[in-house]
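Asks: Single-letter residue listing:
Protein chains: 2
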Amino acid sequence: MSLIVQKYGGTSVGTVGRIESVADKVMGWRENGHQVVVVVSAMSGETNRLLELANAIQEQPVPRELDVLLSTGEQVTIALLSMALEKRGCAARSYTGHQVHIRTDSVHNKARIVDIDDARIRKDLEQGRVVVVAGFQGMDEAGNITTLGRGGSDTSAVALAAALKADECQIYTDVDGVYTTDPRVVPEARRLDHITYEEMLEMASLGAKVLQIRSVEFASKYNVPLRVLSSFEDKISGTLISAEDAEMEQALISGIAFNRDEAKVTILGVPDQPGVAHKILGPIADSNIELDMIIQNVAEDATTDFTFTVHRNDYDKSLAIMKETASKLGAREVTGDTKIVKVSIVGVGMRSHAGIASTMFKTLATEGVNIRMISTSEIKISVVVDEKYLELSVRALHEAFGLDQLA
Amino acid sequence: MSLIVQKYGGTSVGTVGRIESVADKVMGWRENGHQVVVVVSAMSGETNRLLELANAIQEQPVPRELDVLLSTGEQVTIALLSMALEKRGCAARSYTGHQVHIRTDSVHNKARIVDIDDARIRKDLEQGRVVVVAGFQGMDEAGNITTLGRGGSDTSAVALAAALKADECQIYTDVDGVYTTDPRVVPEARRLDHITYEEMLEMASLGAKVLQIRSVEFASKYNVPLRVLSSFEDKISGTLISAEDAEMEQALISGIAFNRDEAKVTILGVPDQPGVAHKILGPIADSNIELDMIIQNVAEDATTDFTFTVHRNDYDKSLAIMKETASKLGAREVTGDTKIVKVSIVGVGMRSHAGIASTMFKTLATEGVNIRMISTSEIKISVVVDEKYLELSVRALHEAFGLDQLA
Numbered sequence: 011m012s013l014i015v016q017k018y019g020g021t022s023v024g025t026v027g028r029i030e031s032v033a034d035k036v037m038g039w040r041e042n043g044h045q046v047v048v049v050v051s052a053m054s055g056e057t058n059r060l061l062e063l064a065n066a067i068q069e070q071p072v073p074r075e076l077d078v079l080l081s082t083g084e085q086v087t088i089a090l091l092s093m094a095l096e097k098r099g100c101a102a103r104s105y106t107g108h109q110v111h112i113r114t115d116s117v118h119n120k121a122r123i124v125d126i127d128d129a130r131i132r133k134d135l136e137q138g139r140v141v142v143v144a145g146f147q148g149m150d151e152a153g154n155i156t157t158l159g160r161g162g163s164d165t166s167a168v169a170l171a172a173a174l175k176a177d178e179c180q181i182y183t184d185v186d187g188v189y190t191t192d193p194r195v196v197p198e199a200r201r202l203d204h205i206t207y208e209e210m211l212e213m214a215s216l217g218a219k220v221l222q223i224r225s226v227e228f229a230s231k232y233n234v235p236l237r238v239l240s241s242f243e244d245k246i247s248g249t250l251i252s253a254e255d256a257e258m259e260q261a262l263i264s265g266i267a268f269n270r271d272e273a274k275v276t277i278l279g280v281p282d283q284p285g286v287a288h289k290i291l292g293p294i295a296d297s298n299i300e301l302d303m304i305i306q307n308v309a310e311d312a313t314t315d316f317t318f319t320v321h322r323n324d325y326d327k328s329l330a331i332m333k334e335t336a337s338k339l340g341a342r343e344v345t346g347d348t349k350i351v352k353v354s355i356v357g358v359g360m361r362s363h364a365g366i367a368s369t370m371f372k373t374l375a376t377e378g379v380n381i382r383m384i385s386t387s388e389i390k391i392s393v394v395v396d397e398k399y400l401e402l403s404v405r406a407l408h409e410a411f412g413l414d415q416l417a
Numbered sequence: 011m012s013l014i015v016q017k018y019g020g021t022s023v024g025t026v027g028r029i030e031s032v033a034d035k036v037m038g039w040r041e042n043g044h045q046v047v048v049v050v051s052a053m054s055g056e057t058n059r060l061l062e063l064a065n066a067i068q069e070q071p072v073p074r075e076l077d078v079l080l081s082t083g084e085q086v087t088i089a090l091l092s093m094a095l096e097k098r099g100c101a102a103r104s105y106t107g108h109q110v111h112i113r114t115d116s117v118h119n120k121a122r123i124v125d126i127d128d129a130r131i132r133k134d135l136e137q138g139r140v141v142v143v144a145g146f147q148g149m150d151e152a153g154n155i156t157t158l159g160r161g162g163s164d165t166s167a168v169a170l171a172a173a174l175k176a177d178e179c180q181i182y183t184d185v186d187g188v189y190t191t192d193p194r195v196v197p198e199a200r201r202l203d204h205i206t207y208e209e210m211l212e213m214a215s216l217g218a219k220v221l222q223i224r225s226v227e228f229a230s231k232y233n234v235p236l237r238v239l240s241s242f243e244d245k246i247s248g249t250l251i252s253a254e255d256a257e258m259e260q261a262l263i264s265g266i267a268f269n270r271d272e273a274k275v276t277i278l279g280v281p282d283q284p285g286v287a288h289k290i291l292g293p294i295a296d297s298n299i300e301l302d303m304i305i306q307n308v309a310e311d312a313t314t315d316f317t318f319t320v321h322r323n324d325y326d327k328s329l330a331i332m333k334e335t336a337s338k339l340g341a342r343e344v345t346g347d348t349k350i351v352k353v354s355i356v357g358v359g360m361r362s363h364a365g366i367a368s369t370m371f372k373t374l375a376t377e378g379v380n381i382r383m384i385s386t387s388e389i390k391i392s393v394v395v396d397e398k399y400l401e402l403s404v405r406a407l408h409e410a411f412g413l414d415q416l417a
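Chains as they are written, first to last, in the working numbering: chain U, 11 to 417; chain W, 11 to 417.
The shape of chain U in the complex, shown without the other chains:
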């Protein structure tokens, strides 16, 4: 007998019919002798409905009260799912975040989980019940209702799995796992059976939005085996995300991620002097704009060029700030481009294999793709290319690294 924590997202519980299907799925695990804790999101559409009510009153709703409001969404789902389980003769108990003391900090709308009191859940499990917990929500030390921000239900599930030392945390979603790349771009993309936490973090942060980054970090920190699988299929496979396994044969590259949301800003001919990086990037950071890639080149004439990427939504603001900075520092020119994308190859295999970067660059060169920026980390290499080359680049790299072959 093992203990499984399952999480079903908004689409998986979007209607009463879907909730009944989830109950069937849970029953299947129970009948195979497992203990099950289920974490659910709000029914799809419900959070937006509540937000509209709030926005009709306040454009920027008071954060504390927004949490009180939004947390009702999951509460509706836990009650309905528990009813569906009880109807099937399965003893079930629903709990809000408040009731099982999912303790968070006090940052309303994006709180972080601090602690979970698992005593009540353990007692129910021992008594043979399925425990259904509202995702996305908790309470702070003073007993105020908090929410973890959108997608926080994944984190709730992982945190519960960690607290309960569950054998596996299963994230049911509308895709059946993590793919080598987006199948809409590369039809030959394959579902990965296994991927490490680190790889998943790189894939997720680069735009493969299957799981919340924070939930993967949490799983990694507490070494909770995480499985992504489809709530609309019966087969139990999906993709297992876990720590690196020495015995496992590693592929060189696990996947190719890309991100269409970036824009590039360049400042040219800045007189080079100590502290210039801070003078250029400081005003951007002060405006709460998140920088992604940053590149600096020193030219021969003792001036320096800076290029960085930001989210496209922040492009206009960044450009304006940079123009102001340029005139202060006596820089030559500020340019920018929104028609760029970032393409990255990710894999723990590159730690122990040389030549991966050169394979990547050669592949892109062969296809006539001009690389505009390069950035590397221990397990990923990212390049910025013109937007029009996105599909071409991803397909070429997918083939070059053999990702379309059966593992």
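Simulated from the structure, these hints should not be mistaken for lab results.
Each residue gets a CB set at the ideal place from its N, CA and C atoms; glycine is no exception.
Mixed in with the good hints, there may be bad ones.
Only pairs whose alpha carbons sit at most 30 angstroms apart, straight line, appear in this in silico DSS-like list of lysine-lysine [what the hints assert, rightly or not]: (1) W:K372 - W:K349; (2) U:K349 - U:K372; (3) W:K333 - W:K289; (4) U:K97 - W:K120; (5) W:K97 - U:K120; (6) W:K133 - U:K120; (7) W:K398 - W:K372; (8) W:K133 - W:K175; (9) U:K97 - W:K327; (10) U:K133 - W:K120; (11) W:K398 - W:K327.
Some chain U residues near chain W, calculated using beta-carbon distances under 8 angstroms [as the list claims (entries may be wrong)]: (12) V26; (13) L63; (14) A64; (15) A66; (16) P71; (17) L79; (18) T82; (19) V86; (20) I88; (21) A89; (22) L90; (23) A94; (24) E96; (25) S104; (26) Q109.
Given chain U, put chain W in place with the hints provided.
Replies: Below, chain W alone, put in the same frame as chain U:
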């Protein structure tokens, strides 16, 4: 400065616009220097929407989970009202029943309030905040969410007023007070400025459905002055419900209540013997049918006749039970009638004035209304008459006791 607990029902908070109006009303009290605690119901229609979801899964939803589900309705309202107050620059805090420890027993769907921990609310009030509490809900000793049953928000408000020793508990509703009788039957009906708890209890239980009976009992027990007033009007008057006041000049009769929901069952010619009442009424009570009026006459031939009234919904079942009982006891006949109504005059004044009953009977006789049953208590006299005489009887009595005159 006084402390006011206000309760706004579902219609009063039925839309975002109505919630804004409630916020305006609360601001008015605040600006006059009062401390305010607001208790709200679910937005009208919301409880039914939730019930439909539950019923789509279970015809008889698990009571514990139904409470988890339904309690979200008020939680939405407290958040929205607090936002509306904050928007007006008024510091506000919302609380669920769970958060302010409205402790109840464990009877899901119709729990009773046991205790309220008022520390948190007091602290907020001292800090100048308006406190907004979800009505209708609480938690049992084990921390399970409970609800008080429909209309329980009135009781929440009175219980909070009692715990906080509030100066007044105001129940805002869609009528502007308690009337001498239903204005749809008697256009001359007047709003009462004042009525005692006892009178209100008799009026309410007899069908003048302005307030939940339980909330009036609660108010009476803890001597909380209760005011019923309209949430759609600006004037603050309504009807004050409080303990009897010796200095107050009492009207003989405060009002005339009536009830169209009753049906009458008669068993004739039951051989009279000790314990016969129990043999007749026991099977009715065992079927969870509530008896209202009960009358027994002993005939000259050592047999006895019983007549009782039940809710019309229980009529068929009662008649069937009674026919079975009749054959067991060797009674002569069982008859019944659903075309009856109960009309009652209510007033603490009748304690100290004789002749009230005879005025009632004479008035009805003059109008040619045949009385089918009579039942009396200390402050009310009820008669059962044919349904067709309802309006005639109520109007005649209203005039006979001078209720259409200005007090």
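Asks: Each hint needs a verdict: does it hold in this structure or not?
Replies: We went through each hint and held it up to the structure:
1. Taken as a hint, the W:K372 and W:K349 pair is honoured in the structure, with Cα atoms around 23 angstroms apart against an allowance of 30 angstroms.
2. With a C-alpha separation of about 23 angstroms, the suggested pairing of U:K349 with U:K372 holds against the 30 angstroms cut-off.
3. With a CA separation close to 13 angstroms, the supplied pair W:K333 and W:K289 stays within the 30 angstroms bound.
4. At most 30 angstroms may separate the alpha-carbon atoms for a hinted pair to count; U:K97 and W:K120 meet this at roughly 22 angstroms.
5. Of the pairs offered as hints, the one joining W:K97 and U:K120 holds, with about 22 angstroms between alpha carbons and a cut-off of 30 angstroms not exceeded.
6. Distance hint between W:K133 and U:K120 is fulfilled; the C-alpha atoms sit about 26 angstroms from each other, no more than 30 angstroms.
7. In summary, the hint linking W:K398 to W:K372 is supported, as the alpha carbons are separated by about 19 angstroms, within the 30 angstroms threshold.
8. Distance check on the hinted pair: W:K133 and W:K175 sit about 15 angstroms apart at the alpha-carbon level, within 30 angstroms; holds.
9. For the hint linking U:K97 to W:K327, the alpha-carbon distance of about 29 angstroms falls within 30 angstroms, and the restraint holds.
10. A distance of roughly 26 angstroms separates the Cα atoms of U:K133 and W:K120; the hinted pair therefore holds under the 30 angstroms criterion.
11. Taking the CA atoms of W:K398 and W:K327, the gap is about 24 angstroms. The hint holds against a cut of 30 angstroms.
12. The beta carbon of U:V26 is positioned within 8 angstroms of a beta carbon in chain W (closest approach about 4 angstroms), and the interface hint is therefore held.
13. With its C-beta approaching chain W no nearer than about 6 angstroms, U:L63 sits inside the 8 angstroms limit, and its interface hint holds.
14. Evaluation of the U:A64 hint against chain W yields a held restraint, the C-beta minimum of about 6 angstroms falling below 8 angstroms.
15. The interface hint given for U:A66 holds, since its Cβ lies 4 angstroms from the closest Cβ of chain W, which is under the 8 angstroms cut-off.
16. A hinted interface residue such as U:P71 counts as satisfied when its beta carbon comes closer than 8 angstroms to some beta carbon of chain W; here the least separation is about 5 angstroms, so the hint holds.
17. Against a cut-off of 8 angstroms between C-beta atoms, the interface hint on U:L79 holds, since the closest Cβ of chain W lies about 4 angstroms away.
18. This hint holds: U:T82 has a C-beta 4 angstroms from the nearest C-beta of chain W, less than the 8 angstroms allowed.
19. A least Cβ separation of about 5 angstroms between U:V86 and chain W falls short of the 8 angstroms threshold, and the interface hint therefore holds.
20. Interface restraint check: U:I88 against chain W, minimum CB-CB distance 6 angstroms, threshold 8 angstroms, status holds.
21. Proximity of U:A89 to chain W holds as hinted, the smallest CB-CB distance being about 4 angstroms (cut-off 8 angstroms).
22. With its C-beta approaching chain W no nearer than about 6 angstroms, U:L90 sits inside the 8 angstroms limit, and its interface hint holds.
23. Satisfaction of the interface hint for U:A94 is found here, the shortest Cβ-Cβ separation to chain W being roughly 5 angstroms, below the 8 angstroms cut-off.
24. Hint on U:E96 holds. Least Cβ distance to chain W is approximately 5 angstroms, under the 8 angstroms limit.
25. Among the interface hints, the one on U:S104 holds; its C-beta lies about 5 angstroms from the nearest C-beta in chain W, closer than the 8 angstroms criterion.
26. Interface restraint check: U:Q109 against chain W, minimum CB-CB distance 6 angstroms, threshold 8 angstroms, status holds.
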